[in-house]
Amino acid sequence: MSAPMMNSWFDHDLWNHLFLQLSTAEPSVCHAVIAVGALHEETQGSCDTIPSQGVPLNIPRRFALEQYGRAIAALNSRMGSNDFELKNTALHLDDQAVYFGKSNPRGFLKAPSINVDHQNPIALDTLAAAFRVRNCFLSTLSEFLAFCESLSSDNIARQWSILVVWQQHMRALLAELQSALDRLEAKIRHGNDDEERGLLKQKHKYAFKILRLHCGLFSLQTDLCLLWKRERVEDEVYTLRFHDIVDQCEAIAKTEYYHQQPSHLMEIGVIQPLYYVCERCADQRIVQRAMDALENWSHREGLWSSRLAIHMVESGN
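Residue numbers (this note's numbering): 5 to 321.
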(Lines of atoms letter the chains of each structure in order from A and count residues from 1; the text may use other names and numbers.)
(Lines give C-alpha, C1' and ligand atoms only; values in the text may rest on other atoms or scores of the structure.)
Protein backbone atom coordinates (compact mmCIF):
# COMPACT_ATOMS: atom_id res chain seq x y z
CA MET A 1 0.00 0.00 0.00
CA SER A 2 1.77 3.11 -1.22
CA ALA A 3 1.69 6.75 -0.25
CA PRO A 4 0.25 7.81 -3.65
CA MET A 5 -2.69 5.44 -3.10
CA MET A 6 -3.27 6.94 0.33
CA ASN A 7 -3.03 10.42 -1.12
CA SER A 8 -5.77 9.67 -3.63
CA TRP A 9 -8.16 8.63 -0.85
CA PHE A 10 -7.67 11.55 1.50
CA ASP A 11 -7.59 15.15 0.34
CA HIS A 12 -6.71 16.79 3.62
CA ASP A 13 -3.68 18.82 4.70
CA LEU A 14 -3.50 17.05 8.05
CA TRP A 15 -3.37 13.67 6.34
CA ASN A 16 -0.82 14.78 3.75
CA HIS A 17 1.44 16.78 6.05
CA LEU A 18 1.29 14.67 9.19
CA PHE A 19 0.20 11.07 8.82
CA LEU A 20 1.85 10.29 5.50
CA GLN A 21 5.08 11.98 6.54
CA LEU A 22 5.26 10.05 9.81
CA SER A 23 4.24 6.76 8.21
CA THR A 24 7.39 6.65 6.08
CA ALA A 25 9.60 6.54 9.17
CA GLU A 26 7.50 5.20 12.03
CA PRO A 27 5.99 1.65 11.95
CA SER A 28 3.25 2.46 14.47
CA VAL A 29 1.94 5.32 12.33
CA CYS A 30 2.31 3.24 9.18
CA HIS A 31 0.04 0.50 10.59
CA ALA A 32 -2.48 3.11 11.76
CA VAL A 33 -2.51 4.76 8.32
CA ILE A 34 -3.10 1.39 6.65
CA ALA A 35 -5.95 0.62 9.07
CA VAL A 36 -7.78 3.89 8.45
CA GLY A 37 -7.05 3.71 4.73
CA ALA A 38 -8.42 0.18 4.41
CA LEU A 39 -11.63 1.18 6.11
CA HIS A 40 -11.98 4.27 3.97
CA GLU A 41 -11.60 2.25 0.77
CA GLU A 42 -14.05 -0.42 1.91
CA THR A 43 -16.73 2.08 2.89
CA GLN A 44 -16.54 4.68 0.12
CA GLY A 45 -19.89 3.57 -1.24
CA SER A 46 -21.65 3.46 2.13
CA CYS A 47 -19.85 5.99 4.29
CA ASP A 48 -23.00 6.80 6.25
CA THR A 49 -23.62 3.25 7.43
CA ILE A 50 -22.17 1.97 10.67
CA PRO A 51 -22.56 -1.80 11.19
CA SER A 52 -24.52 -2.86 14.24
CA GLN A 53 -22.92 -4.75 17.09
CA GLY A 54 -24.50 -7.99 15.90
CA VAL A 55 -22.98 -7.87 12.42
CA PRO A 56 -19.73 -9.87 12.06
CA LEU A 57 -16.66 -7.98 10.92
CA ASN A 58 -15.94 -8.48 7.23
CA ILE A 59 -12.45 -9.13 5.87
CA PRO A 60 -11.45 -5.47 5.29
CA ARG A 61 -12.56 -4.48 8.77
CA ARG A 62 -10.80 -7.45 10.33
CA PHE A 63 -7.66 -6.42 8.44
CA ALA A 64 -8.04 -2.83 9.66
CA LEU A 65 -8.52 -3.99 13.26
CA GLU A 66 -5.41 -6.17 12.97
CA GLN A 67 -3.40 -3.21 11.66
CA TYR A 68 -4.70 -1.07 14.51
CA GLY A 69 -3.49 -3.71 16.97
CA ARG A 70 -0.08 -3.72 15.33
CA ALA A 71 0.08 0.07 15.59
CA ILE A 72 -0.55 -0.12 19.33
CA ALA A 73 2.00 -2.92 19.75
CA ALA A 74 4.64 -1.00 17.80
CA LEU A 75 4.06 2.11 19.88
CA ASN A 76 4.15 0.22 23.18
CA SER A 77 7.42 -1.46 22.22
CA ARG A 78 9.04 1.95 21.93
CA MET A 79 7.77 3.52 25.13
CA GLY A 80 11.18 3.09 26.76
CA SER A 81 13.10 4.47 23.80
CA ASN A 82 15.47 7.42 24.12
CA ASP A 83 14.61 8.54 20.58
CA PHE A 84 13.49 12.17 20.70
CA GLU A 85 11.31 11.61 17.61
CA LEU A 86 9.12 9.38 19.76
CA LYS A 87 7.72 12.62 21.16
CA ASN A 88 5.85 13.51 17.97
CA THR A 89 5.01 9.90 17.17
CA ALA A 90 3.45 9.12 20.54
CA LEU A 91 1.47 12.33 20.83
CA HIS A 92 0.11 12.44 17.29
CA LEU A 93 -0.66 8.73 17.06
CA ASP A 94 -2.35 8.73 20.44
CA ASP A 95 -4.37 11.88 19.75
CA GLN A 96 -5.27 11.07 16.16
CA ALA A 97 -5.12 7.67 14.47
CA VAL A 98 -5.52 5.55 17.58
CA TYR A 99 -8.65 7.47 18.54
CA PHE A 100 -10.56 6.16 15.54
CA GLY A 101 -9.81 2.60 16.53
CA LYS A 102 -10.86 3.06 20.14
CA SER A 103 -13.98 5.07 19.43
CA ASN A 104 -15.80 2.55 17.23
CA PRO A 105 -13.93 -0.73 16.64
CA ARG A 106 -16.90 -2.21 14.78
CA GLY A 107 -16.56 0.24 11.97
CA PHE A 108 -15.53 3.71 13.08
CA LEU A 109 -16.80 5.07 9.77
CA LYS A 110 -17.90 8.25 11.49
CA ALA A 111 -15.78 9.77 14.22
CA PRO A 112 -18.14 10.85 17.02
CA SER A 113 -18.75 14.56 16.98
CA ILE A 114 -20.46 17.16 19.10
CA ASN A 115 -22.17 20.21 17.69
CA VAL A 116 -23.17 23.50 19.22
CA ASP A 117 -26.94 23.74 19.15
CA HIS A 118 -28.41 26.08 21.73
CA GLN A 119 -31.90 24.72 21.01
CA ASN A 120 -30.69 21.19 21.85
CA PRO A 121 -27.73 21.53 24.24
CA ILE A 122 -25.51 18.61 25.19
CA ALA A 123 -27.38 16.36 27.61
CA LEU A 124 -25.24 14.34 30.01
CA ASP A 125 -27.09 11.75 32.07
CA THR A 126 -24.06 10.06 33.63
CA LEU A 127 -20.37 10.67 34.23
CA ALA A 128 -19.62 7.89 31.74
CA ALA A 129 -21.44 9.93 29.11
CA ALA A 130 -19.44 12.99 30.16
CA PHE A 131 -16.17 11.17 29.57
CA ARG A 132 -17.39 9.95 26.17
CA VAL A 133 -18.27 13.51 25.13
CA ARG A 134 -14.91 14.69 26.43
CA ASN A 135 -13.24 12.10 24.21
CA CYS A 136 -15.24 13.34 21.23
CA PHE A 137 -14.17 16.90 21.90
CA LEU A 138 -10.56 15.79 22.40
CA SER A 139 -10.62 14.10 18.99
CA THR A 140 -11.99 17.21 17.28
CA LEU A 141 -9.58 19.53 19.07
CA SER A 142 -6.58 17.26 18.51
CA GLU A 143 -7.09 17.28 14.76
CA PHE A 144 -7.26 21.06 14.74
CA LEU A 145 -4.21 21.42 17.01
CA ALA A 146 -2.17 18.99 14.93
CA PHE A 147 -3.02 20.90 11.78
CA CYS A 148 -2.05 24.22 13.40
CA GLU A 149 1.24 22.74 14.60
CA SER A 150 2.05 21.60 11.07
CA LEU A 151 1.92 25.19 9.81
CA SER A 152 4.76 27.66 9.76
CA SER A 153 4.23 31.12 11.22
CA ASP A 154 3.89 32.48 7.67
CA ASN A 155 1.22 29.90 6.81
CA ILE A 156 -0.68 30.73 9.99
CA ALA A 157 -0.66 34.40 8.99
CA ARG A 158 -1.90 33.60 5.46
CA GLN A 159 -4.73 31.36 6.71
CA TRP A 160 -5.54 33.44 9.77
CA SER A 161 -9.14 34.30 8.86
CA ILE A 162 -10.07 30.63 8.40
CA LEU A 163 -8.14 29.42 11.44
CA VAL A 164 -9.79 32.00 13.69
CA VAL A 165 -13.23 30.74 12.65
CA TRP A 166 -12.24 27.20 13.65
CA GLN A 167 -10.75 28.47 16.88
CA GLN A 168 -14.03 30.18 17.76
CA HIS A 169 -15.87 26.96 16.92
CA MET A 170 -13.63 25.04 19.35
CA ARG A 171 -14.32 27.62 22.05
CA ALA A 172 -18.06 27.32 21.51
CA LEU A 173 -17.90 23.52 21.73
CA LEU A 174 -15.89 23.73 24.93
CA ALA A 175 -18.24 26.27 26.49
CA GLU A 176 -21.18 23.97 25.82
CA LEU A 177 -19.30 21.01 27.31
CA GLN A 178 -18.53 23.00 30.46
CA SER A 179 -22.18 24.05 30.77
CA ALA A 180 -23.24 20.42 30.37
CA LEU A 181 -20.87 19.42 33.19
CA ASP A 182 -22.40 22.08 35.45
CA ARG A 183 -25.88 20.72 34.72
CA LEU A 184 -24.76 17.15 35.36
CA GLU A 185 -23.14 18.05 38.68
CA ALA A 186 -26.31 19.82 39.82
CA LYS A 187 -28.36 16.80 38.76
CA ILE A 188 -26.17 14.36 40.70
CA ARG A 189 -26.24 16.55 43.81
CA HIS A 190 -30.02 16.88 43.64
CA GLY A 191 -30.52 13.15 43.03
CA ASN A 192 -28.81 12.00 46.24
CA ASP A 193 -30.72 10.70 49.25
CA ASP A 194 -32.05 13.27 51.69
CA GLU A 195 -29.10 12.98 54.07
CA GLU A 196 -26.62 13.40 51.21
CA ARG A 197 -28.58 15.89 49.13
CA GLY A 198 -26.29 18.62 47.79
CA LEU A 199 -23.16 16.52 48.34
CA LEU A 200 -20.96 14.55 45.97
CA LYS A 201 -19.52 11.11 46.62
CA GLN A 202 -15.75 10.78 46.50
CA LYS A 203 -15.76 9.04 43.11
CA HIS A 204 -17.95 11.79 41.69
CA LYS A 205 -15.66 14.48 43.09
CA TYR A 206 -12.63 12.88 41.46
CA ALA A 207 -14.38 12.51 38.10
CA PHE A 208 -15.46 16.15 38.04
CA LYS A 209 -11.96 17.27 39.07
CA ILE A 210 -10.48 15.38 36.11
CA LEU A 211 -13.10 16.63 33.66
CA ARG A 212 -12.71 20.26 34.76
CA LEU A 213 -8.92 19.97 34.66
CA HIS A 214 -9.15 18.74 31.08
CA CYS A 215 -11.59 21.50 30.15
CA GLY A 216 -9.09 24.02 31.50
CA LEU A 217 -6.32 22.39 29.47
CA PHE A 218 -8.44 22.30 26.30
CA SER A 219 -9.34 25.96 26.77
CA LEU A 220 -5.70 26.95 27.11
CA GLN A 221 -4.67 24.85 24.11
CA THR A 222 -7.43 26.40 22.02
CA ASP A 223 -6.42 29.93 22.95
CA LEU A 224 -2.73 29.30 22.24
CA CYS A 225 -3.00 27.12 19.14
CA LEU A 226 -2.42 29.97 16.68
CA LEU A 227 0.79 31.08 18.34
CA TRP A 228 3.82 29.61 16.64
CA LYS A 229 4.45 26.25 18.31
CA ARG A 230 8.11 26.95 19.15
CA GLU A 231 7.26 29.96 21.26
CA ARG A 232 6.92 29.73 25.02
CA VAL A 233 4.11 31.89 26.33
CA GLU A 234 5.11 34.81 28.56
CA ASP A 235 1.81 36.69 28.81
CA GLU A 236 0.81 37.13 32.45
CA VAL A 237 -2.80 36.08 31.85
CA TYR A 238 -1.70 32.76 30.40
CA THR A 239 0.92 32.34 33.12
CA LEU A 240 -1.86 32.43 35.70
CA ARG A 241 -3.74 29.77 33.77
CA PHE A 242 -0.63 27.56 33.63
CA HIS A 243 -0.31 28.07 37.37
CA ASP A 244 -3.93 27.02 37.90
CA ILE A 245 -3.46 23.82 35.88
CA VAL A 246 -0.47 22.80 38.01
CA ASP A 247 -2.46 23.60 41.16
CA GLN A 248 -5.29 21.33 40.02
CA CYS A 249 -2.91 18.50 39.09
CA GLU A 250 -1.14 18.67 42.45
CA ALA A 251 -4.46 18.68 44.30
CA ILE A 252 -5.73 15.64 42.38
CA ALA A 253 -2.54 13.65 42.99
CA LYS A 254 -2.34 14.50 46.69
CA THR A 255 -6.01 14.19 47.54
CA GLU A 256 -6.99 11.10 45.62
CA TYR A 257 -3.84 9.01 46.00
CA TYR A 258 -2.22 10.29 49.16
CA HIS A 259 -1.96 6.90 50.88
CA GLN A 260 -1.35 4.61 47.91
CA GLN A 261 -0.34 5.83 44.48
CA PRO A 262 -1.27 3.47 41.63
CA SER A 263 1.36 2.69 39.01
CA HIS A 264 -1.01 2.48 36.04
CA LEU A 265 -4.34 4.18 35.31
CA MET A 266 -6.45 3.40 32.26
CA GLU A 267 -7.89 6.94 32.11
CA ILE A 268 -5.84 9.99 31.14
CA GLY A 269 -5.43 12.33 34.08
CA VAL A 270 -2.66 14.73 35.08
CA ILE A 271 0.31 13.74 32.91
CA GLN A 272 -0.88 15.38 29.69
CA PRO A 273 -1.75 18.73 31.37
CA LEU A 274 1.58 18.81 33.24
CA TYR A 275 3.49 17.99 30.07
CA TYR A 276 1.74 20.80 28.19
CA VAL A 277 2.68 23.27 30.93
CA CYS A 278 6.33 22.19 30.66
CA GLU A 279 6.26 22.64 26.90
CA ARG A 280 4.55 26.02 26.62
CA CYS A 281 4.98 28.00 29.84
CA ALA A 282 7.83 30.52 29.95
CA ASP A 283 7.83 30.88 33.74
CA GLN A 284 10.50 28.42 34.87
CA ARG A 285 9.15 28.33 38.42
CA ILE A 286 5.84 26.96 37.16
CA VAL A 287 7.62 24.58 34.79
CA GLN A 288 9.71 23.26 37.68
CA ARG A 289 6.58 22.68 39.74
CA ALA A 290 5.09 20.69 36.87
CA MET A 291 8.30 18.66 36.52
CA ASP A 292 8.33 18.00 40.27
CA ALA A 293 4.73 16.82 40.11
CA LEU A 294 5.63 14.37 37.34
CA GLU A 295 8.68 13.11 39.21
CA ASN A 296 6.88 12.73 42.55
CA TRP A 297 4.28 10.45 41.02
CA SER A 298 5.88 7.97 38.66
CA HIS A 299 2.99 6.27 36.89
CA ARG A 300 1.26 5.64 33.57
CA GLU A 301 -2.09 6.85 32.28
CA GLY A 302 -3.05 4.80 29.24
CA LEU A 303 -0.25 5.43 26.73
CA TRP A 304 1.08 8.36 28.75
CA SER A 305 4.06 7.79 31.04
CA SER A 306 5.28 10.36 33.55
CA ARG A 307 8.88 9.26 33.04
CA LEU A 308 8.56 9.52 29.27
CA ALA A 309 6.99 12.97 29.63
CA ILE A 310 9.93 14.10 31.77
CA HIS A 311 12.38 12.70 29.23
CA MET A 312 10.67 14.48 26.34
CA VAL A 313 10.71 17.79 28.21
CA GLU A 314 14.38 17.45 29.12
CA SER A 315 15.28 16.42 25.56
CA GLY A 316 13.46 19.42 24.13
CA ASN A 317 15.17 21.98 26.36
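Derived by calculation from the structure, the hints in this document are not laboratory data.
Certain hints may be false.
To be verified - Straight-line distance between alpha carbons at most 20 Å, and here's what the computed EDC-like set of lysine to aspartate or glutamate pairs gives:
| # | residue 1 | residue 2 |
| --- | --- | --- |
| 1 | 209 | 305 |
| 2 | 209 | 254 |
| 3 | 207 | 299 |
| 4 | 258 | 299 |
| 5 | 209 | 189 |
| 6 | 205 | 180 |
| 7 | 209 | 227 |
| 8 | 205 | 299 |
| 9 | 207 | 180 |
| 10 | 213 | 254 |
| 11 | 207 | 238 |
| 12 | 258 | 186 |
| 13 | 258 | 248 |
| 14 | 209 | 186 |
| 15 | 207 | 189 |
| 16 | 258 | 318 |
| 17 | 209 | 129 |
_Earlier hints that do not hold, by number_ = Per hint list: 3, 6, 7, 8, 9, 11, 12 and 16 violated.
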